[in-house]
Each structure stands twice: as structure tokens, then as C-alpha cells.
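Now for the letters of each chain:
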Amino acid sequence: MNLKDLAYWFNDFWTEFRREKSGLIGLAILATAVLVVVFEPLILPFKGAAASWRNINYWEDNSPNAPPVWTNLLPGKDSAVTGTIKPARVSEATIEGGAVATTWEFEYVYQYDLPPLDLIMHLRATGNLTFQMTLQRPDGKSILLSQASEHGLANGTIRMAATAYGRDACFAFLKQYENADRVGILTSSDMKVTDIAFAEAKEGMFDNPVAQKGKYRILVTAIGNAGTDKVESCEIIVAGRVSGLLGTDNLKRDLFSGIVAGLKWALLIGLFVSFVSVIIGVMYGIIAAYFGGMIDKTMMFIYYIVNSIPVLPILIVFSAVFKPSLMTIIWIMIIFSWTGSVMTVRSMALQIKEETYIEAARALGSGHARIIFKHMAPLLIPYSFASMALSVPGFIVFESSLSLLGLGDPTIVTWGAILHDAMLGNAMLNGVWWWIIPPGLLIAIMGMTFAFLGFAMDKILHPKLRTR
Amino acid sequence: MNDNDKASDVILTVENLKKHFTPHAGLLASLGGPKRVIRAVDGLNFSIRRGEIFGLIGESGSGKTTTGKMVMKLIDPTSGTIVFNGEDVTSIHRQRLQAYRRRVQMIFQDPYASMNPRFKIREVLEEPLVIHRISADRRKRGEMIIKALNEVKMNPPEDYMGRFPHMLSGGQRQRVATARTLILNPMMLVADEPVSMIDLSTRAEILHMMKDVQRDLGLTYLYITHDLSTARYFTDRIAVMYLGRIVEMGPAEEVIDNPIHPYTRALIQAVPEPVTGQVETIKELAISGEIPSPANIPPGCRFHPRCPFAKPECSGQAEPELMDAGKGHFHACRRWKEIG
Amino acid sequence: MDKILEVKNLKLYYHTSKGTVKALDDVTFDLFKGETFGLVGESGCGKTTTGTALLRMPTPPGRYDGGQIVLDGRDIIDLPENDVRKHIRWEKISMVFQGAMNCLTPVYTVGKQMLETLQEHREMEKVQAEELIREYLELVGLPPEVMGRYPHELSGGMKQRIVIATALFLKPDVVILDEPTTALDVIVQAQIINLLKKLKKTFNLSFIFITHDLALEAEVSDRICVMYAGKISELGTNGQIFGGHPAHPYTEKLLSATPLLHKKVDTLSFIPGAPPDLIDPPTGCRFHPRCHKVIDVCREKEPELKEIGTGHMAACWRCGE
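Chains as they are written, first to last, in my numbering: chain A, 1 to 468; chain B, 1 to 340; chain C, 1 to 321.
The following block holds chain A by itself, in its conformation from the complex (with noise of 0.2 Å):
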């Protein structure tokens, strides 16, 4: 076949193709998923999560279990979102001594019925230096969250937690304001320094706090050498409840960063190896089928070896032996996957070739190989885009079982890992439900497109279902 008949034949195709309601929506979602794939590093909020997904200093700054941001949309109180605020305004002051203040002014707009699990303060900063963060509240009030002074720093970073560093200013607060009786059983350590940071100030705000929603205003302050001493890049995390489009998982990692960069990795995966595979298998089926005799028997010898290998353990040997990396798996699902559409499509092709078509293609003195792929391959096209479709979903699920067994490639993230993770962190049994469904969703849905497509093509490629 030359160009301009393929051109010729793919126009033909495409005509038809579009009639296909279910063929188009499949084609859609797929299209789609090329695009994240290609666009992937606009669409991540965490520039950083395919690279460091298994990096736990990378997600130090997020919640846990958070769920998605949009269940504030459901009835019942609001939660605050995680977000990064940058400085509003940077002022520098020159203080006695011979020593600069700059002071970063954040806003922060607290509308929620419940308040944030942190605010994390970030810098880098060079030289010796005093820092200090305060929480200036819309009701006027103001909390020194922390205050630590760092020497000898070369470009370190920082990092302050009001958790961690305003405990105790917090519960001055507290004292300041709540019930002395009420008070006076409790430590700092039965308080939760947002819940009190973000409240009313007023008796009972220990108890039932109330949200003081408003503006409030964070100011870092950063005292050191003139000169010498230097700070850039402040900013503040707020670590809310609820965060990102699909929340995140008990190590703090946001989902949707995991599913989209696992994206890529489920459609190489099931792409490429029930492409391979497939292929593999049909054209050996046909083969077998198609020349018979010696040929047939020993290739069929060959399948049964194959086929009746336990994959498993050779897989726990293999991974203890070698260092399992993406390729050496993709390429080890091929090796014993193939066979599956092996025996179907030879006892297909044994019909087939019964055909008086191939026997009449013969009289016409075709050769083995156009027989092969003109007459009997294309017969096979729909059973094989059905079989690569529904074996995509299979390998994206192998995958995860490697990973499962420690197998996977712990340099990726892929949603069967994700599961696998949900697995282990009992995402089920605390009701972390963003951690389960959109994966198993995902998988779900390129099931379908592929599953869509198939059947399109058999439509088209199988005209006997033709109606018209």
C-alpha cells in the first residue's frame, strides 16, 4: 500500500469514524489526556510532584488527609484552603546599631468557619539574622507567633511554623482572654495554636471557638547586618484544610499533582504494552494458524511454555536481583503477557483461512504475507483494538500490584501506586475517599476510551454490523 492509498483509506475511515457517537467521546477523553500529557508541567500545582512524589520534605508544607477544596461547595462550614500568600508590601528600616529591619506585610482574608492547620513562614536568607512573625488580627489584637535568630547562614532556607514556634504566645493569648477558671487546667499543649489565632477573642473561644473572620495581616520581620546580611523570597504557606482539586494524601502529597503526573505513565504503560503485546500475540496466532503443520506445533509448544510460567515469582527473583526501573517492567509485562490473545486469535485465524476468500486470494496468487496482513489481520483489527482496550485497564492494574510488591519503579508515580499507597494508609478505613476514587475513577475511564474506540472501529472495520 502506498501513501496515497493509505491517504486514501484513512479519508474513507474518518468519514465513517465520525459518524460514531461513542467512537468520538473515547477520542475526546484521549485527546484530552494527550493534552495534560503534553501540557503537564502548566497543570501541576506542584511544579516539583513527579520528581519528588516519594520526597516527604517536598510536602512538609500540606495538610494531611486534606480533602479537595471544593467540599466547602457542599453544606456545612467552610474550611480554610491551602494557598501560598506572597508579601504585599516590603519595607526596610534602620534600626540602632547599625542593623537593617525588613518587615514583610502579608493579607491574609479569613472567611471560613474553620481556621487553617498552620501558617509556614519561608525565606532564605544569608548572614546572621533575627526573625520574628506576627499575626496581626482584624479586631486589632496581635500574636507574636515566633521569633529565632539563625547564624552563620550561606543562601539557608527557613522555615517557621506558628505551630511550632507561637505555641506559647498563643496561649497568652488564651490566657488573655478566655475564662481564668477555664484557663487554669489546661497546658499550651491542649490548644491548637490556629483554632485560637483564628477565634474570637472572648470567654469560651477555647471551648466553642468562633471564626473572627476578617482581614488579617502577617508581618516577618528580618533584623541583621546592613550589608552583609541578606533575606529574598519570603513568603507564607497558609496549611489549610482543604486542599488542592483533589485533596491530599496522609503524607501531605496533593493528589491532583500525583494523578496528573501519573497520567503519562498509565497511558505509556497501557499503551505501549498492550500495543506491543497484542501485536505480538495476533501476529503469532496468525501465523501459527496460517502455515500449520510443523510450524503451528511448535510454536504452540513455545506458547505453552510461556504461557504456564509463574509470572509472580519470577518477578520477586527478578526485582531482588535487578533494580526494577520503568522500561525493565514495561518490558517484562510484554514477555508474559502476549500469549493472552494468543489462543483466541489462532482459532479466529483457523476459521478464517477456511474462508473461500483466502482461497480465492490464493487463486489470484497472492503471496503468504499479503494474505496475512490484507485478509486475515484486518479481520482480527476489531478483535485487537477490544483486546488492547481491555487490557489497558489490566496493565495500569499489574503495575500497581508490582508496586505493591515493592516492584514498581519508586522514581514514578502512577495511579496504581497512589492506590497502593490509599491502600497502606487505610485511606478506606478514615474515610479518605479523595485518595481512592478519582484513581480507580481514572483507571475506570481510560478502560472506557479505549473501550469506546474499539468498538467504533469494530463498527466500522466490520461491516456486517453495518446497518445501513
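Please keep in mind that the hints were generated in silico from the structure rather than gathered at the bench. The beta-carbon is built from N, C-alpha and C at its ideal position, and this holds for glycine as well. Check each hint, because a few of them may be wrong.
Computed far set for chain B versus chain C, every beta-carbon distance over 10 Å [claimed, not checked]: (1) T22; (2) T81; (3) H166; (4) A204; (5) N296; (6) P320; (7) E321.
What the simulated footprint calls covered on chain B by chain A, stretch by stretch (three residues with Cβ under 8 Å from a Cβ of chain A suffice, anywhere in the stretch; the number is not a length) [claimed, not checked]: (8) 94 to 106; (9) 115 to 122; (10) 274 to 282.
Start from chain A and add chains B and C according to the hints.
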């Protein structure tokens, strides 16, 4: 055979052609006893003249289709020779086989089954051109397809090229199947029951078309059928096969009007005729039973167990060869003079 | 002769998404005791549909849309399915379906399959039933040993005999035979035809013989009904149809398209075109687009089936000429 005087006129000669199948037996069965052999074709001799329509008549199990497939080189004979146009084609391969297939083409019984249902008519007809690399130019191929469709009176051809086989009627499909064979300009066509799947009302139309094409292009046909009536109408000479051998051969009219072999007689007798007055009569059938299995061919004359004229000599002596009864009429019955 | 079955204005329509297919339209005929009634026509003209309609089992989505099938003075169209199964189907009317001989179950012996059919309808001891089966096997010319055989061990002719025997078990009045010899060789076909003639005489049976082969109808049928596009175009005795003067141009054409064994013809005639799509049949006479005797009225008005001789009916505007 009496064809020697016009040897150049002979296009196909089949000599002592045999095809024996050995079915796969179980392990135990293959250990003991002789192998079961199915003698589908068992010593066939005939030749076809250039430009003639030669009919091979037989019931199912007579080996007529196997013969067609051997001539078509779709299966290899067990022994014997096939000579086409002066060339021994019994065991040719590759290029020579490819060249042979440009000269000899086949029309199958079921036109629908003989076309890939996924191919449009254009692709069906394009296939031989692509296989034999007749033209690399798509437009030129299109012209040749149109010409072939015109030859089989599919008008206008452009209307049909984009259709699938299942969108055509039985008669149209057989026309397309014929067009596919004609596109390579063959010298001979093997037609295996080309009209048996087609409605009676259009059967004649297809036979007409095939005859016209044969006349126009000077083709030779090997027409394989079980139907004596169409054979008489369509063929010049016929050969009647029984259990893998020819029992009678000659000009169609001669064989049908003056059959010699008891089997031919029985066959002709059994054909129903559209004339009134037969309802009350039970037709006298000279022979009883059915054709035996080719795995178990009777000794001597293979027809003797069913033959009303059989004598001990028929089973005891060697199988009779084809004998000349004059006027190009051959038969294989040793008692033909006695049974008149 | 006694009328055994009367079909009056039978209409059977398929209501499909594309429209109504008038598979049978106003089919009217009588069947007499002891006669063979032939139904003939091209494929798709309603022969088999008539057969299954008489058995009260139209192929889905076919529905009766009027008319009567009177058997023993009773219209069976509106009978409840249970009654039909108990008293009509196989008891009064049985059918040998096309290709039935290839539908024998390969895993049971022939005897077991026949026994099952029999015990479905009659309560009888196994010994008795087997005796009856043996009797019927003998009747169709088979030795009793075939009871223990599996279908693949039997030839086509033998299988067809078994199917015929099974259709006769319950002593029905009418047996419908749908292309009973199509897949058989000529000699076997002749044997089966002879068998049918013998059975008809012995039991005074009535056959409805469906085939596309006119020559075969000439041999077996006392009366022949030629159908075209779901309608009867001609109905007459064997002599009227095959005696050289058929009334309808369609019959005429079908006859001249049948190749004759003992006559050399230079050109056979054929009917151009194909039977119409029954969703949208041609106006007027349904045969007019293919007819060689068409006149203006044929295109506009549909001809009625009218009597043109004793027991000879035809639906053609030009019959009287």
C-alpha cells in the same frame, strides 16, 4: 485420446491425476492396522481444447471440486501430471506459479464468500492488479477496473466501485467475481458451480454473460457442476465423474441424449423436468443407495455395487479404462454393448 | 375432495424501524385432503414465510395483520399459544424446515433425538415409543439400526429421511416441506421425491411443498401456487401451470428460465432485475418493472387474483387476452 491430430488445440491435459488424503488419526489408531486413505481423485484423464467449455459433472463426493482445485494449483496432486499450454505445471512454484495464475483463474460457487467482506468492489477488483504488479498508477488501475466491469455488464461501473459485496445482489456479485478473473486477461477459467447459489430467474442471465465473455475473449472454461441441465445448455463437452474417476465423457448433447454408462443413465433419469403428468408416477430409479465414501472404494468397477447390470466380472476384473464409442464419446463400462 | 386447510386473505407484516415489510399480502388458498400443494417463486417472495405462518410461528418481528387460517373449522390465528402447541403444531401441521437435516444435534444418537420429540407430545412407554420410531424408520426406508447412530455417521439423504419421519410421527394432516431436497444430489433427490409420493398415498397426507425449483414442483405437486413479492400471482393445477399455457407472465418467464435437460436451447431467457424491496413495493402490479408484457394499467392498479379457468387463478391484467 484422439486429440493428437490437433495437439496444438489442446490447452489443458490432465493425466492419471490422483489426490489421496490421509486424515489425521488418533495415536492408537495409527499404531494398528493400515492407514485410512481417502481417494478423492483417483486416476483422472482428460484434456480441454482451446476455446471450449468443458463440463465436469458429478455428485458431491465425486472429486470434481478437488480436481478443480488441483488444476487451479490450490492443492498439490498426489500423482499424475497437469500440462497447461504445453507446460508441465504439476509442481511449479513461485514465479512460474505466479505466471500460471495470470493465465488460469477461478470463479467460486459462492461469490459472496469468495470476496473479502471488508473490501469494496474497487478493492476486490484491484487485488489481482496489485498482486501481479500490473500498474502502479491508481488511476490507470481504475480504468482497468471500469473496463472489466463493463465486460460483465455492470453498468454504470462507477456506481458499484464504492460498494461492499454485501450491498449487491447474488447475480451482481457473481458478475464482479467474473470481472475479477477477467481483469488479468486469463486464457482459462475454472468455474466451480458458479450459478448454484443464484436464483433461478437470474441464473440464465449469468450463464449468458459468462458465455458472451467466453466468446468475446476467446476463453476456455472448466465448468464444474452437479447440474446436468445447465451443463447441457452451457458446455460443449462434459465428463461425468463418479468416486474420483471419469465414467463417461463426450460432447454434451451426445452424452445426455445417448448415455452409455449406467451411472450417467441413472443421473439423467433422476433430473426433474418441468412438464406435467408426472405427479402420480413413481420414477423408476435404476440405482439405489448413495455414493459410497471415497475412503472405501469398491474393487473392480467402482460403480458395480449400485449397478443394475453388474456381473461378477465387474467386481472381479480390473477397473475398466475409458473406451471410445465413436463421435468423441468415451465411457468406462465393459458391458456397454450388452446393456445397450 | 375435503378441504383440510383454508387460508383466507392472510397478511403477515414485519414492522421494522425502516417501515412495514409486507411479507405476505392477501394470501388465499385452500388445501385439500391428500394433495400436494406447491409453493414456488424466487427467494424472498414469501414461500417460507407462508410455511411458518401456517405453523403459527412467524419469524420475529412478523405479526399477523389480518386474515384467517382455518383448520378443522377453527381459525388458529387467535388461538392461545398453549393450545397451538398442544393441539395444532406437530399434531395437525408439521414442518420439515429448510436445512433441518443439518440441525440434528451432533452429540445424541438419532434414536434419542426422535424419542425426545415423541415423548414431548405423547405420554408413552419407552419401549412403545421405540417401536413406533422403528415403524416410521421403516416407512421412510431406513433400517432400525440407524437409531443408534450419530448424525455425522449418516449421509444427507438418510438424515433427510429421519427428519421426514420425525415430522410424520404424530400423524398430522398437513406436512409442510421447505426445500426438502435442495442440499441433496439428484439421485438422492429423486429417491426422496419417490418416498414422499409413496407416503402421500399411504397416509392420504396433504403436503405443502416449498421450493424454488419449478421442475421439482412439476414432479410432485398436484396444484401449484406461484408467489411473487408476498402475493400469489398464479395458482392452478399441475396441468394448468406446466401444460404449456401458464397464465401469468411471471410463471411464463420462470418456466423459460428453467434449463431443460432433453432440449437444446440456444438462449435461455431470464427475468431482468431482482424482486422488489417489500417495504416500498412498486405501485400497481408488483411484477410490472420486470414484466415483458407490461401495459399502462399494470403500473397504476394492482390486479386482483381472479379465476380464469376451473380452479385456475391469476393476478394479471393481461390474463384474458
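Hints versus structure:
1. Chain C leaves T22 (chain B) outside its interface by the beta-carbon criterion, the shortest separation being 19 Å against a cut-off of 10 Å.
2. For T81 (chain B), the condition that its CB be more than 10 Å from all CB atoms of chain C holds, with the nearest at approximately 30 Å.
3. Every Cβ of chain C is farther than 10 Å from the Cβ of H166 (chain B); the closest lies at roughly 15 Å, confirming the non-interface assignment.
4. Separation of A204 (chain B) from chain C is inadequate, the least Cβ-Cβ distance of about 4 Å not exceeding the 10 Å criterion.
5. Non-interface status of N296 (chain B) relative to chain C is upheld: no Cβ of that chain comes within 10 Å, the nearest being about 13 Å off.
6. Even its closest Cβ contact with chain C, about 21 Å, leaves P320 (chain B) beyond 10 Å, as expected for a residue assigned away from the interface.
7. Every CB of chain C lies more than 10 Å from the CB of E321 (chain B), the least distance being 24 Å, so the non-interface label holds.
8. Proximity of the stretch 94 to 106 of chain B to chain A, defined as three or more residues with a beta carbon under 8 Å from a beta carbon of that chain, is established by the 6 residues found.
9. For the stretch 115 to 122 of chain B, the stated coverage by chain A holds: 4 residues have a C-beta nearer than 8 Å to a C-beta of that chain, and at least 3 were required.
10. Closer than 8 Å: that is the beta-carbon criterion, and the stretch 274 to 282 of chain B has 0 residues meeting it against chain A, so the requirement of 3 is violated.
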